[in-house]
Amino acid sequence: VRRLAFALLLLLAAAPAHATLLFAGGEDSDFTLGTSCGTCAPDSTDTSTWRTNFARESLLIVRGSSPTTGPFLKTPAFTAETVLWFHAQTCNYDGSGGCNMLKTASNTILLNFFGADGNPAILIRGTGTDSQVKISKIDTSGTITDLATCGAGTYPSGGLDQLDVYLNYAVAGEVTLYRNSSQFCDYTGDVTTNSRTQINQAAIGGINGNGLSFYTNWSEIIIATTRTTAMNLWTLAPNGAGNATDWTGANPCTAIVNAKTINQASYINTASTAVINECTVTNSVPSGDYTPLALVMSMNGLVGATGPQNFDFLTRTGGADYASSDMALTNTFGNVGNYIQTLNPASSAAWAIGDWTAVGFNVGVESKP
Amino acid sequence: VRRRSFILGAALVMLLAFPSLAAPPANNEAATKLNGYGVLQGAQAQVSKIVAYGVLITKTGGVVPVSPLTHWR
Chain A
1 VRRLAFALLL LLAAAPAHAT LLFAGGEDSD FTLGTSCGTC APDSTDTSTW
51 RTNFARESLL IVRGSSPTTG PFLKTPAFTA ETVLWFHAQT CNYDGSGGCN
101 MLKTASNTIL LNFFGADGNP AILIRGTGTD SQVKISKIDT SGTITDLATC
151 GAGTYPSGGL DQLDVYLNYA VAGEVTLYRN SSQFCDYTGD VTTNSRTQIN
201 QAAIGGINGN GLSFYTNWSE IIIATTRTTA MNLWTLAPNG AGNATDWTGA
251 NPCTAIVNAK TINQASYINT ASTAVINECT VTNSVPSGDY TPLALVMSMN
301 GLVGATGPQN FDFLTRTGGA DYASSDMALT NTFGNVGNYI QTLNPASSAA
351 WAIGDWTAVG FNVGVESKP
Chain B
1001 VRRRSFILGA ALVMLLAFPS LAAPPANNEA ATKLNGYGVL QGAQAQVSKI
1051 VAYGVLITKT GGVVPVSPLT HWR
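Same order as they appear, the protein sequences are chains A and B.
Under this note's numbering, the first residue of the first sequence is numbered 1, with each subsequent residue one higher.
Under this note's numbering, the first residue of the second sequence is numbered 1001, with each subsequent residue one higher.
Bear in mind the hints are in silico, worked out from the structure with no lab data behind them.
Fair warning: there could be bad hints in the mix.
Heads up, simulated DMTMM-like pairs for lysine to aspartate or glutamate below, C-alpha to C-alpha not over 25 Å straight-line [unchecked claim]:
| hint | chain 1 | residue 1 | chain 2 | residue 2 |
| --- | --- | --- | --- | --- |
| 1 | A | Lys103 | A | Asp130 |
| 2 | A | Lys103 | A | Asp190 |
| 3 | A | Lys260 | A | Asp190 |
| 4 | B | Lys1059 | A | Asp117 |
| 5 | B | Lys1059 | A | Asp130 |
| 6 | A | Lys260 | A | Asp130 |
| 7 | B | Lys1059 | A | Asp312 |
| 8 | A | Lys74 | A | Asp326 |
| 9 | A | Lys74 | A | Asp117 |
If we take Cβ atoms under 8 Å as the criterion, some of the chain A residues that face chain B in the derived model are [to be verified]:
| hint | residue |
| --- | --- |
| 10 | Phe184 |
| 11 | Gln264 |
| 12 | Gly318 |
| 13 | Tyr322 |
| 14 | Ser324 |
| 15 | Asp326 |
| 16 | Met327 |
| 17 | Thr330 |
Heads up, the beta-carbon is just placed ideally off N, CA and C, and yes, glycines get one too.
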C-alpha cells in the first residue's frame, strides 16, 4: 500500500497542470486601441526595447490614467477566468536611447484587467516615485481603491524587464507581481468589486513619468491559466512565398503581409472565394531549451460589400492545409487576433519546434463566402 | 410597328452595352464603397498583415517548469 501511495504521489508530482493559453500577441494586429490612444504604436527602430531573438518590435504607449479609454492597447476578449497569469517584456523608454527611465507618473495605468462584465476591475498603476507601482482595484462606478504599494526601486528597473502578474480574482484573492521571475509585490485579500468573479480582457498602458514624449514599451504579451514566468513569445513572421500565393499583390509574403506595422494602403486582395495565400515563416530558433505550448496567429484585413465575406487562417504542415473556422471581417480594416492552436492539426499531438521550422510549414489565409 | 420595333431594339442594345443604366443608383453606391484610402473595395477581400507566434516554455534541466499548483513563490 505504501509503495502504491508513493507511486501515486510521484505521478501526481510529475504531471504538469494543463496550461490553457488565453491570449498571446505582441504586435499591432493583436490589439485594439483605447479611444484616447494618441500614441500607441509599434516601434521597430530601437532594438533595446525588445528581445531581438524572440520579437521584431515593441509597442510603445504614452502614459495615461483613464481606466476606460486609456491610452492603452486592449486584447480581444478571452475565456473568462478567476485565476490567470499575465506575462510581458516591458521597458520605460526614453524615446531614443533605451529603457533607462525610472520615473513613474502618479496614478497612470500600466496594466488594466477587465471583468467579464466589460468594466475595469484590477489596475497596476504608477505612484509618482521612481521604480514604483501599486496594485489597485476599481468598481463599476469608477471608484479606485489602492490595495498595495510596491517597494520603491523595484519596478521599472531602468532596463528591459520581464513582468509577470498572478491574479486570483476572488474575495479570498491575491495579486502578485514578478520582475524577471522574482516576486516584488503582493496583496492578499478581497481584490474584487461588485460581486464580480472573472476576468476576460486586459489592456497594456503607459506609466512613464518623464513627459508625453516618453513611453512604456511592450512585447511578448501572454495570458494563461498557469504560471507564465518561464514563457516566451517567438514571432514567426512571414518571410517567403509559401505553397500557394494566389491572392493579387506583388511579393505578397516579403513586401505586403510581412509588415511589422499595419499599412492599410498596402494589401493583397481577391474577389473570389477559396483563394489561398500562404507564406513561409522565420525559422531561426532562439537559443535555449524550450517546449512549445501553442501556435497563435493574427491578421488585419477587410471585406467588400460583395465578394468574400469571411476568411480562414491556414496552417500548412506535413504537406496539407488546415483551416480555422470561418472568421468575419468588416468593410473597414480591422484586426482578427488570438487564433490559438495548441495541437499540431496533422497529428493531434503537441507541437514540436521542428514542426514550425520544417521546410513546407506555412501560415496564411483563405477567402471564404 | 417598324418604328416601335426599332426603338425597342435600340433600347435593348443600349441596355446590353451599358448594363449599369438598368441598375439602381443605391446599389452602385454599395458596390463601389470607398475605404479611407480611396481604394475601390466593391467585391474584394483585402489583407494587409499576417503574423504568427510560437509560445515557448523555457525548460529547466530539460523539464517544463509547470507545477500542479497554479501559484508558488
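Checked hints:
1. A:Lys103 x A:Asp130: holds, 4 Å
2. A:Lys103 x A:Asp190: violated, 29 Å
3. A:Lys260 x A:Asp190: Distance ~41 Å between A:Lys260 and A:Asp190 Cα, so the pair is violated.
4. B:Lys1059 x A:Asp117: violated, 37 Å
5. B:Lys1059 x A:Asp130: violated, 34 Å
6. A:Lys260 x A:Asp130: Judged against 25 Å, a Cα distance of about 32 Å means the pair is violated.
7. B:Lys1059 x A:Asp312: Not OK: B:Lys1059 and A:Asp312 at ~33 Å, beyond 25 Å, violated.
8. A:Lys74 x A:Asp326: holds, 23 Å
9. A:Lys74 x A:Asp117: holds, 15 Å
10. Phe184: Violated - the Cβ of A:Phe184 stays beyond 8 Å from chain B, reaching only about 11 Å at its closest.
11. Gln264: Constraint on A:Gln264 satisfied, holds at 5 Å.
12. Gly318: violated, 17 Å
13. Tyr322: violated, 13 Å
14. Ser324: Given a least distance of 12 Å, the restraint on A:Ser324 is violated.
15. Asp326: Violated. Min distance 12 Å.
16. Met327: violated, 11 Å
17. Thr330: violated, 11 Å
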